[in-house]
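First to last, the sequence lines map onto chains D and V.
Position one of the first sequence corresponds to residue 1 (our numbering), numbered consecutively onward.
Position one of the second sequence corresponds to residue 1001 (our numbering), numbered consecutively onward.
Heads up, a few of these hints could be off.
Said to hold, decoys possible - Derived pair list, reagent style DSSO-like, types lysine-lysine, alpha-carbon separation capped at 30 Å:
#1 K15/D with K1095/V
#2 K1171/V with K95/D
#3 K111/D with K1171/V
#4 K95/D with K1015/V
#5 K171/D with K1021/V
#6 K1015/V with K1002/V
#7 K111/D with K1111/V
It should be emphasised that the hints constitute simulated quantities derived from the structure, not laboratory data.
A quick note: this is a predicted structure, and the numbers were derived from the prediction, not measured.
Protein chains: 2
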Amino acid sequence: MKLLEERIKRDGVVKEGDILKVDSFLNHQIDPSLMEQIAEEFYRLFSGDGVTKILTIEASGIAIAIETARVFGVPMIFAKKNQTKNIAGDVYTSKVVSYTHGRTYDIILSKSFLGPEDRVLVIDDFLANGAALNGLLEIIDQAGAHLCGCGVAVEKGFQPGGDELRSRGIKLRSLAIVESMDAATGDISFRAQD
Amino acid sequence: MKLLEERIKRDGVVKEGDILKVDSFLNHQIDPSLMEQIAEEFYRLFSGDGVTKILTIEASGIAIAIETARVFGVPMIFAKKNQTKNIAGDVYTSKVVSYTHGRTYDIILSKSFLGPEDRVLVIDDFLANGAALNGLLEIIDQAGAHLCGCGVAVEKGFQPGGDELRSRGIKLRSLAIVESMDAATGDISFRAQD
């Protein structure tokens, strides 16, 4: 998605340690107009897949996911990272080892909101090692639901998550795949996609 | 907002301990169409206030906040509960004692995204004791920004948060104020509003 690549080049910041900060427009301060355009792009890519539900993980996937759900006209559900007093006891759960947060955590989703009748599009803002996405896929599996595919805004193509998911035959569409980045120069290059 | 009150009566579940579960449509599974209607209601209530930014807190405020930001045509920013590797060191921070989570936590917002030129509408899904909202107001204060007001989807009117904020002259608009609820019967009654 050229618009997103240009925005990343303009406003993304490369930091040491393979970190790409897009916090001024994607996941701390968020541009709602960009979210809408991203959602419409996901609709173009997955509208033929019979999606009944959008699934994401808190927190930075939520903005993209709710916009995508609005465009599709289906509910959005998000996996929670911490148990609250309000979570029903009956939940699907899986473990995520997070690169971003430098820790392992459990994610949970109430069983009421996902089942075998569902056809799920997984949405997230970032894909690096694929830990979060794989945690969500495990939940879809536990629910007996059908995975339509995964839509990601930004994939770090030099980390294994994306290629690993694609190698399993999963329909993964990343709107921008960062092929390389340089913290010293600030340069960011993208993988060419059809 | 009659539509929201009716949805709460239809799909809300009252639990022991003054807990109102709206997780099937508001904050775990989310109805994007309802989010859009809530956002449009907030626009009607605050469109004259010169809002330049929507501020919320992760995670369940995000869906309403991004929709509201989209309708207003302004950026949305959300305070984060846990420090990640990606947060800039230069942050506003305040403490929140959460009823929902049964714990105290710090919230942070990058200083890059809020300053004295901003006119802020604070948005959240729920208001009980007001801990989260007050944490956000403290951040606005640190930033020297102007508080236009607070928009909340559901206020528990029998808890002190809402009345305390209103008593300080803050423009608080809660789309549904629950006046009483009964876990045994499931009855929910709302405060009449103009």
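Which constraints among the numbered hints does this structure fail? Numbers only, ascending. The structure breaks hints 2, 3, 5 and 7; every other hint is satisfied.
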